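> Here is what each chain is made of, one letter per residue.
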Amino acid sequence: MAITPAAYDEMNGLAGQIAASPAYAEIQRWLAATPQEELARKRGEAEHLFRRIGITFAVYGEGGDPERLIPFDIIPRIMAQSEWQRLATGLTQRVRALNAFLADVYGKQEIIRAGKIPKALVLENEALRPVMAGFTPPGGIYTHISGIDLVRTGPDKFYVLEDNCRTPSGVSYMLENREAMLRLFPRLCHRHRIAPVSRYPEELLTTLKEAAPPNCPGDPNVVLLTPGPFNSAYYEHCFLADEMGIEVVEGGDLVVQDKRVFMRTTAGPKRVDVIYRRIDDEFLDPEVFREDSLVGVPGLMGAYLAGNVALANAPGGGIADDKAIYPYVPDMVRFYLNEEPLIANVPTYLCERDDDRKYVLEHLDELVVKLCKGSGGYGMLVGPHATAAERADFAARIKARPADYIAQPTLALSTCPTLVEKGVAPRHVDLRPFVLSGKEVRIVPGGLTRVALRDGSLVVNSSQGGGTKDTWVLEGEGPFELPPEQPAKAASQSQSQSQMREQR
Amino acid sequence: MLSRTADCLFWLARYMERAGNIARGLEVASRMASVAGDEAGEAEVWRSLLVAAGCDEGFFEKQDRATQDTVVHWLVFDQENPSAIVSCVAAARSNARSVRTALTVAMWSSLNDTWNELRAMSVAQIEGEKLPGFLEWVRERVLLFNGAAHDTMLRDEAWRFVHLGTMLERADCTARLLDVRHEILAPETDGAVAHAQWQALLRSVSAGRAYQWVYRDRLQPRKIAELLILRPELPRSLMACHSEVAKTLDAIAKGQGGRTGECHRLAGEMQAKLNFGRIDNVLAGGLHAFLTGLIEHTAQLGAEIEAFYTRA
Numbered sequence: 001m002a003i004t005p006a007a008y009d010e011m012n013g014l015a016g017q018i019a020a021s022p023a024y025a026e027i028q029r030w031l032a033a034t035p036q037e038e039l040a041r042k043r044g045e046a047e048h049l050f051r052r053i054g055i056t057f058a059v060y061g062e063g064g065d066p067e068r069l070i071p072f073d074i075i076p077r078i079m080a081q082s083e084w085q086r087l088a089t090g091l092t093q094r095v096r097a098l099n100a101f102l103a104d105v106y107g108k109q110e111i112i113r114a115g116k117i118p119k120a121l122v123l124e125n126e127a128l129r130p131v132m133a134g135f136t137p138p139g140g141i142y143t144h145i146s147g148i149d150l151v152r153t154g155p156d157k158f159y160v161l162e163d164n165c166r167t168p169s170g171v172s173y174m175l176e177n178r179e180a181m182l183r184l185f186p187r188l189c190h191r192h193r194i195a196p197v198s199r200y201p202e203e204l205l206t207t208l209k210e211a212a213p214p215n216c217p218g219d220p221n222v223v224l225l226t227p228g229p230f231n232s233a234y235y236e237h238c239f240l241a242d243e244m245g246i247e248v249v250e251g252g253d254l255v256v257q258d259k260r261v262f263m264r265t266t267a268g269p270k271r272v273d274v275i276y277r278r279i280d281d282e283f284l285d286p287e288v289f290r291e292d293s294l295v296g297v298p299g300l301m302g303a304y305l306a307g308n309v310a311l312a313n314a315p316g317g318g319i320a321d322d323k324a325i326y327p328y329v330p331d332m333v334r335f336y337l338n339e340e341p342l343i344a345n346v347p348t349y350l351c352e353r354d355d356d357r358k359y360v361l362e363h364l365d366e367l368v369v370k371l372c373k374g375s376g377g378y379g380m381l382v383g384p385h386a387t388a389a390e391r392a393d394f395a396a397r398i399k400a401r402p403a404d405y406i407a408q409p410t411l412a413l414s415t416c417p418t419l420v421e422k423g424v425a426p427r428h429v430d431l432r433p434f435v436l437s438g439k440e441v442r443i444v445p446g447g448l449t450r451v452a453l454r455d456g457s458l459v460v461n462s463s464q465g466g467g468t469k470d471t472w473v474l475e476g477e478g479p480f481e482l483p484p485e486q487p488a489k490a491a492s493q494s495q496s497q498s499q500m501r502e503q504r
Numbered sequence: 001m002l003s004r005t006a007d008c009l010f011w012l013a014r015y016m017e018r019a020g021n022i023a024r025g026l027e028v029a030s031r032m033a034s035v036a037g038d039e040a041g042e043a044e045v046w047r048s049l050l051v052a053a054g055c056d057e058g059f060f061e062k063q064d065r066a067t068q069d070t071v072v073h074w075l076v077f078d079q080e081n082p083s084a085i086v087s088c089v090a091a092a093r094s095n096a097r098s099v100r101t102a103l104t105v106a107m108w109s110s111l112n113d114t115w116n117e118l119r120a121m122s123v124a125q126i127e128g129e130k131l132p133g134f135l136e137w138v139r140e141r142v143l144l145f146n147g148a149a150h151d152t153m154l155r156d157e158a159w160r161f162v163h164l165g166t167m168l169e170r171a172d173c174t175a176r177l178l179d180v181r182h183e184i185l186a187p188e189t190d191g192a193v194a195h196a197q198w199q200a201l202l203r204s205v206s207a208g209r210a211y212q213w214v215y216r217d218r219l220q221p222r223k224i225a226e227l228l229i230l231r232p233e234l235p236r237s238l239m240a241c242h243s244e245v246a247k248t249l250d251a252i253a254k255g256q257g258g259r260t261g262e263c264h265r266l267a268g269e270m271q272a273k274l275n276f277g278r279i280d281n282v283l284a285g286g287l288h289a290f291l292t293g294l295i296e297h298t299a300q301l302g303a304e305i306e307a308f309y310t311r312a
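Protein sequences appear in the order of chains A and B.
Residue 190 in our numbering sits at position 190 of the first sequence; the count goes up by one each step and never skips.
Residue 148 in our numbering sits at position 148 of the second sequence; the count goes up by one each step and never skips.
Rather than coming from a laboratory, the hints here were simulated on the basis of the structure.
Hints may be right or wrong, so weigh each one.
Said to hold, decoys possible - Straight-line alpha carbon distances no greater than 20 Å define the calculated SDA-like cross-link-like pairs of lysine to any residue that follow:
| id | chain 1 | residue 1 | chain 2 | residue 2 |
| --- | --- | --- | --- | --- |
| 1 | B | Lys254 | A | Ala267 |
| 2 | A | Lys270 | B | Gly268 |
| 3 | A | Lys270 | A | Arg290 |
| 4 | B | Lys254 | A | Glu250 |
| 5 | A | Lys270 | B | Lys273 |
| 6 | A | Lys439 | A | Pro201 |
| 7 | A | Lys439 | A | Thr92 |
| 8 | A | Lys270 | B | His73 |
| 9 | B | Lys254 | B | Trp159 |
| 10 | A | Lys323 | A | Leu128 |
| 11 | B | Lys247 | A | Glu250 |
| 12 | A | Lys270 | B | Gln256 |
| 13 | A | Lys270 | B | Arg259 |
| 14 | B | Lys273 | B | His297 |
| 15 | A | Lys119 | A | Ala133 |
| 16 | B | Lys254 | B | Gly268 |
| 17 | A | Lys270 | B | Thr260 |
| 18 | A | Lys119 | A | Ala103 |
| 19 | A | Lys270 | B | Ile184 |
| 20 | A | Lys323 | A | Asn345 |
| 21 | A | Lys323 | A | Pro118 |
| 22 | A | Lys157 | A | Leu413 |
| 23 | B | Lys247 | B | Asp151 |
| 24 | A | Lys270 | B | His297 |
| 25 | B | Lys254 | A | Gly268 |
Values in this document were obtained by computation on a predicted structure and should not be read as measured data.
Next up, chain B with everything else stripped away, as it sits in the complex:
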């Protein structure tokens, strides 16, 4: 497969996943803001969302304070923000357009329809009461795209690079969402506010019900951390994502007669760390330190994948 095609497919998937994750982040932040209690707490919720999305610097160059309206605008509409939902969808589509022949019709249609509808939307259509509906729509469009890819692509290298992009982006995103909220998972946290925040966090990775199915227990920060980091059953857990990344890289290598590089070693290392890790050890060493390390590691892995397959 052309290196450029692989690169476009990888990024196409990453951008779509990012758009969905921004929507998830906004959903959980809206909920947390409503239970924050005071204005300072609310501002903190929005600020940490910006940090999780990795676009707080750009935001504070334009705005003094993080409020619902300014953050929503920045993360949904502002084309100056490369992580805004419109920017992600536009970037995904532009990548898709460059490699249209590598996509199936179903993938292209879902993406093209999303882009056409999104660019026809005005701020008034997603403000205030309409925001939850809009965010749900974004999540559904990403689900549709992922479903189209999963159900219609030949299981060849094209599929593997798409899947790799989705999984790497998802791993990064789950780690970031967790990291900005690591304080609410400290062992001594409790109370009604904390409980609502835990719920919101679980929902942001579609794990509200999953927690109950796995643990059948009251929400506990230790178990939430374990679910999101180490449990292989949860599709958005770090373990699940990194295991897919490693598996997919192995499949690509196998398809090419066993050619491997640094990216394969790194992916294996991450997978082993998560596979054999224990939540108590992670928490003892500090959740924040653990997650920061993982985020850096994931970024390095992304760079190694590009160096090996698409920049050679």
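Pulled out of the complex, with its shape left as it was, chain A reads as follows:
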């Protein structure tokens, strides 16, 4: 049985090896000075806030309350500006490569001819949409909104865990978490000079408008296409549309006539130019994809391919974020951009390769095994935490369908201080920044930090007991160099009694 190595903590560092982070100095003081009950009370307030605004995700068919809250941890995750800048550069590079790959796959397929990626892996992939072959979306952009999931193992060691080029969600939590923190801890926020994230909706709208077809006259009419209130991300759809001032439409609100898309309004049909679609490819158009789709729009793909409407993200983007394609992304960066990747992949074994499979089967107790098509933390084996029976079960599954599985070493994922039942304790985190691709690449600083609330758990998905945190990218390298305003009860005697108490 392999032993999980000690994890790097983003606040405290790693005993004897990595020093505590100066970016967290103020948080450290704040945590030391704030009684447990006060933190718990603030957490209660946060929950009330979220429930009141109605920030829920929908879980149907499991019994219980269908509208649930994602647990929110009130202790922020902090990054210095320089740390973020390095990440942002790497993210921009990666998303440029992903877009270049998509243009190539649906175009000349040079990367396949150059032998950098196996032909069958691309052309026989279920995520490939042959209908897109030979079509170039406006500006050559396919993945306008990308969610890149990152994990960390040390101060400068970030890895891309997964790319999301279809309909990545979670950005509303990034925005609402910040709003909640500003409301709950105005002074703590002030002392940190946090780079704001609130301009995301504007950046998104700009990106979407830039995606408009060239034949669109004047200001494009942008809409958000949702599967409806029963979708788990429905809150986010409404939130983003509201922030951007655009309509949220369902399939039934749109109609295609003469390869043009219109929305039904009280004053008659109105032309639609750009659709920010939050519906999966398969459900977009029953005439082209799944016939049984009730949430799509018949004829939509015809209008799209005629260049009369834009879809963001473009259909077929899933070929770039497929788990089996993922190992080749670093090669894409080299092939298309002629650059070395700035953010590495997690080393990945492809079970369909004989050597890799042999290694995986021999080291199941050290590896994380994933189903290529799986998402949301389902269909996954965390070797070191699995029972012998679970490992045997996965070994059999891998042998039966090797092409469906990949494996990665269990990384010692970084932790962040998190408020749990017993107090403040380290919990594993990941980060999903949202990268917008239009005429230029835009990223608001930070992203959505997800935290595995269960002790020792590496799974951060909200469906598997994960929560979220606000992610603070500082304007500088650390908080203001001010004396702490709240004298700590347990802190040293040297603090002056005349310091102002934080008003409650």
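Given chain A, put chain B in place with the hints provided.
Chain B only, in chain A's frame:
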């Protein structure tokens, strides 16, 4: 504006107004039942409330007799009854959820809070002595929602469809409340019981004091009928509601460059009928016949509005 959005806003407002009106109906019925004198009279009070709410058929499929407990349960809690207060609030919220971006934060919060509190309530919390407090709470929540809409919405098409829904539902409701009690407004009615019933009727449309301010006179059935049907000053009178409906439909048409249809003609016709009507003529032709005609007319108007704006 999206047709679906208009439809949801229209129904959202109708359901909220209906929830409030069911509460008003229950308040007036409780009061009337206590002065009914005998058991048969009491049962009649509850039965006519069910008729006014348009859900008597469903009720008598489940129950043999209308009593306070069974009717209150049916009109407040029973989810099988689409007009029950819980059903109305749930339907309003589900409409609101479909068009959240068309609502203001204040509207959504008032509605969401109402729904969250209501679904946490148990039958024991509203029974018996607690019923009046609960009904008052429902009325206040509807007032809060209406106030939020009135005070925070942009005066655009979204507001107009909300307002249209509220006013059409209110007109329908006032007409129904009056119709099931048309007998107590017959010219020869008098006496202590009748007086208490008149008072209850006036209160159900928040018009107890309003009567005195308008007429400064003893309660008289003729004047009560006039106040509730023809006086423009009373916000829940048929005249006031239908005048708002017509005005709002005109405003929507104007916003769309003058596009009009059958709903505009019907609304204008109703408004004219009420505007130029005289109470003596109404009573001479029979109050019941007049009100039944109006209720049918209102239902037709609702259908025409949907046909023109949201089903096209």
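> Against each hint, give a clear statement of whether it holds in the structure.
A quick look at each hint next to the structure:
1. The suggested pairing of B/Lys254 with A/Ala267 holds, with an alpha-carbon distance near 11 Å, which does not exceed 20 Å.
2. Of the supplied pair hints, the one linking A/Lys270 and B/Gly268 is violated, its CA atoms being roughly 29 Å apart against a limit of 20 Å.
3. Between A/Lys270 and A/Arg290, the direct Cα distance comes to roughly 26 Å. Violation of the 20 Å bound is thereby established for this hinted pair.
4. The hinted pair formed by B/Lys254 and A/Glu250 fails the criterion: a straight-line CA distance of about 27 Å is larger than 20 Å.
5. Annotation: proposed proximity of A/Lys270 to B/Lys273 is violated, straight-line Cα distance about 37 Å (limit 20 Å).
6. A hinted pair counts as satisfied when its Cα atoms are at most 20 Å apart, and A/Lys439 with A/Pro201 qualifies at roughly 16 Å.
7. A C-alpha spacing of about 13 Å is found between A/Lys439 and A/Thr92, which places the hinted pair at or below 20 Å, so the restraint holds.
8. Our distance criterion of 20 Å between C-alpha atoms is broken by A/Lys270 and B/His73, whose separation comes to about 46 Å.
9. With a CA separation close to 14 Å, the supplied pair B/Lys254 and B/Trp159 stays within the 20 Å bound.
10. Taking the CA atoms of A/Lys323 and A/Leu128, the gap is about 13 Å. The hint holds against a cut of 20 Å.
11. Taking the CA atoms of B/Lys247 and A/Glu250, the gap is about 31 Å. The hint is violated against a cut of 20 Å.
12. For the suggested pair A/Lys270 and B/Gln256, the alpha carbons sit about 13 Å apart, so the restraint of at most 20 Å is met.
13. Taken as a hint, the A/Lys270 and B/Arg259 pair is honoured in the structure, with Cα atoms around 16 Å apart against an allowance of 20 Å.
14. About 11 Å separates the Cα atoms of B/Lys273 and B/His297, which keeps this hinted pair within 20 Å; it holds.
15. For the hint linking A/Lys119 to A/Ala133, the alpha-carbon distance of about 15 Å falls within 20 Å, and the restraint holds.
16. Distance check on the hinted pair: B/Lys254 and B/Gly268 sit about 15 Å apart at the alpha-carbon level, within 20 Å; holds.
17. About 18 Å separates the Cα atoms of A/Lys270 and B/Thr260, which keeps this hinted pair within 20 Å; it holds.
18. In summary, the hint linking A/Lys119 to A/Ala103 is supported, as the alpha carbons are separated by about 16 Å, within the 20 Å threshold.
19. Between A/Lys270 and B/Ile184 the CA atoms are separated by roughly 53 Å; this puts the pair beyond 20 Å, and the hint is violated.
20. Of the supplied pair hints, the one linking A/Lys323 and A/Asn345 holds, its CA atoms being roughly 12 Å apart against a limit of 20 Å.
21. With a C-alpha separation of about 14 Å, the suggested pairing of A/Lys323 with A/Pro118 holds against the 20 Å cut-off.
22. This hinted pair checks out: A/Lys157 and A/Leu413 have alpha carbons roughly 10 Å apart, not beyond 20 Å.
23. Only pairs whose Cα atoms come within 20 Å are accepted, and B/Lys247 paired with B/Asp151 is accepted, the gap being roughly 19 Å.
24. A C-alpha spacing of about 32 Å is found between A/Lys270 and B/His297, which places the hinted pair above 20 Å, so the restraint is violated.
25. As the CA atoms of B/Lys254 and A/Gly268 are separated by approximately 15 Å, the hinted pair is consistent with the 20 Å bound.
When each numbered hint is compared with the structure, violations occur for hints 2, 3, 4, 5, 8, 11, 19, 24.
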